[in-house]
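Peer 1: Spelled out from the first residue to the last, the chains are:
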Amino acid sequence: MTNEASNAAALAKGFGVAQYAICLKGVVWREALRFLHQRERFISALVRPLVWLFIFAAGFRSVLGVSIIPPYDTYVLYEVYITPGLMAMIQLFNGMQSSLSMVYDREMGNMRTLLVSPLPRWFLLTSRLIAGASVSLLQVYAFLLVAYLWEIEPPSLWGYVTVLPALILSGLMFGALGMLLSSLIKQLENFAGVMNFVIFPMFFASSALYPLWRVKEGGPWLAFFCELNPFTYAVELIRFAFYQQVDPLALAVVLGATIVFLAAAILAYDPSRGMLMRREGL
Amino acid sequence: MSFVTQTTDPAMAAPAALDVVGVSHSYGKRKALDNVSFSVSPSSFAVLLGLNGAGKSSLFSLITRLFATQSGAIRIFGFDVGRTPGEALRRLGVVFQARTLDLDLSIAQNLAYHAALHGIGVRQARERMQNVLEQVEMADRAKDKVRDLSGGEMRRVEIARALLHRPHMLLLDEPTVGLDIKARADILAHVRGLVAREGVGVLWATHLIDEVETSDDVVILHRGRLLDKGNVGEVASRAGAPDIGSAFAKLTGASRIEGESR
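Same order as they appear, the protein sequences are chains A and B. In this text, residue positions in the first sequence follow the working numbering: the first is 10, and each later residue adds one. In this text, residue positions in the second sequence follow the working numbering: the first is 58, and each later residue adds one.
Bear in mind the hints are in silico, worked out from the structure with no lab data behind them. All values reported here derive from a predicted model rather than from experimental measurement. Check each hint, because a few of them may be wrong.
If you want the ones that stay clear, here's a sample from chain B, every Cβ over 12 angstroms from chain A, calculated [stated by the list, open to error]:
(1) R148
(2) S272
(3) V289
Covered, in the sense of this in silico footprint (three residues per stretch, anywhere, with C-beta under 8 angstroms from a C-beta of chain A), are these stretches of chain B [stated by the list, open to error]:
(4) 119 to 126
(5) 157 to 165
Every residue, glycine too, gets a C-beta built ideally from N, C-alpha and C.
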């Protein structure tokens, strides 16, 4: 090749499946490495649900009885009832944190290194989402290990396997929600705001801490919100999967919400829609 | 080292490394770029000169397709950034103004991540990594954490990273900001070396006049408009100024701009 320009132009066109796989692997690997390097993030991701489990649930054990509702076929301890909700909470936190780090990344420029990759942008964002969800799986299983030592476990060890697909799906849903929020809301830089306006309402107005029939007794309006809240369905999906069962409604809602959130996030990050531009140009 | 003024020139067989044609861009009512056209040839070092607010960052965002071009076109080796972003971006290496390395990861891990983003497999990435780090004299530091590097070393690693997928067009956005004199000179020498040795086309954005050499091409941007472009000597004589620094000051109405912080 004599001419550098023709040399550059002679690059093979397009990307094969292998290139996509390499890219996905690289993005997940980086996210995992970063997670391992941020010990505080791991510890706080673990301590948060354990505080709920050991302090909150233990304290309310005698106050709140849970009657026999599916998937449970006996009376269960309150700790057992809230464990799936706490798994979902871990993932919700992680999803928001990871979206927050996208905003932070964008300022620091890391997001730009991702977006300047020649692979299609939808693929880059989806890879980032899968990476975030993978990290949340590590967190949830670490939590489950501690819970197991506390004798909170599924009826069969298979529960740890059957809960995995549910966790993957809910992890993707929260990641996609976070990604959408990160592209739309400028105030997201402030995590306290996310706590107040996203995490707390989603967590409390759901079936994570109390079964829906109990909420209905307390206030039909609150129950209505709980039933609109995708977090409720993530919790129920995880709860049933932990007991080797499928809640079809929960599955449908979580799947649908994941697709909608992801599609909206990809649109928001599309260069010609200009969401990024609106932020940059302020 | 010719400067291409018009891409439609039939005498030109090979496409320009970078071709910016009639690009305008506004944020709401504020116009950031107004009908800007210029190009950068392979094996040439072009300096994009402009004060803050000149539109340099907007131009870089458009070339890297952070957002889409509203009007006009940007082509990299003939590939339109809007229509064939994949083909265009894989031929482009970028060093952003902000530091974009992961501080907690090692140099090698940072480069491996970048290679993956370009679909380059592990074995090939390892070979290239060695090669690009040698080019910036950082090969013996691959295992070091980025956090432990000096500002100049980080920049060198970022340049190495930008070269990993073997682009023939390199974009650098104020790469010497915050560096001391020695590190600045180092980075400049490295990039000029790339132009001479590897035939890379470079667009170097800066507001520091002393980074311009007489053999360079310059593109002068001011408040979103292109004031002049061409060889340093031509631009200076057109402005009726003894050197490019005075020409720039005269064109933009600025007093001296050297050493001014951003």
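Peer 1: Each hint should be assessed against the structure and marked as holding or not.
Peer 2: Cross-check of the supplied hints:
With 12 angstroms as the threshold on Cβ separation, the claim that R148/B sits away from chain A is violated: the shortest Cβ distance comes to roughly 5 angstroms. Remark: the non-interface label on S272/B is consistent with the geometry, its nearest Cβ contact in chain A lying 18 angstroms away (cut-off 12 angstroms). Distance check for V289/B against chain A: the nearest CB is about 23 angstroms away, which clears 12 angstroms, and the non-interface claim stands. Counting residues of the segment 119 to 126 of chain B whose beta-carbon sits less than 8 angstroms from any beta-carbon of chain A gives 5, enough to reach three: the coverage restraint holds.
Only residues whose beta carbon comes within less than 8 angstroms of a beta carbon in chain A count, and the segment 157 to 165 of chain B has 4; three or more means the coverage holds.
Hint 1 alone, counting from the list given before, is not met by this structure.
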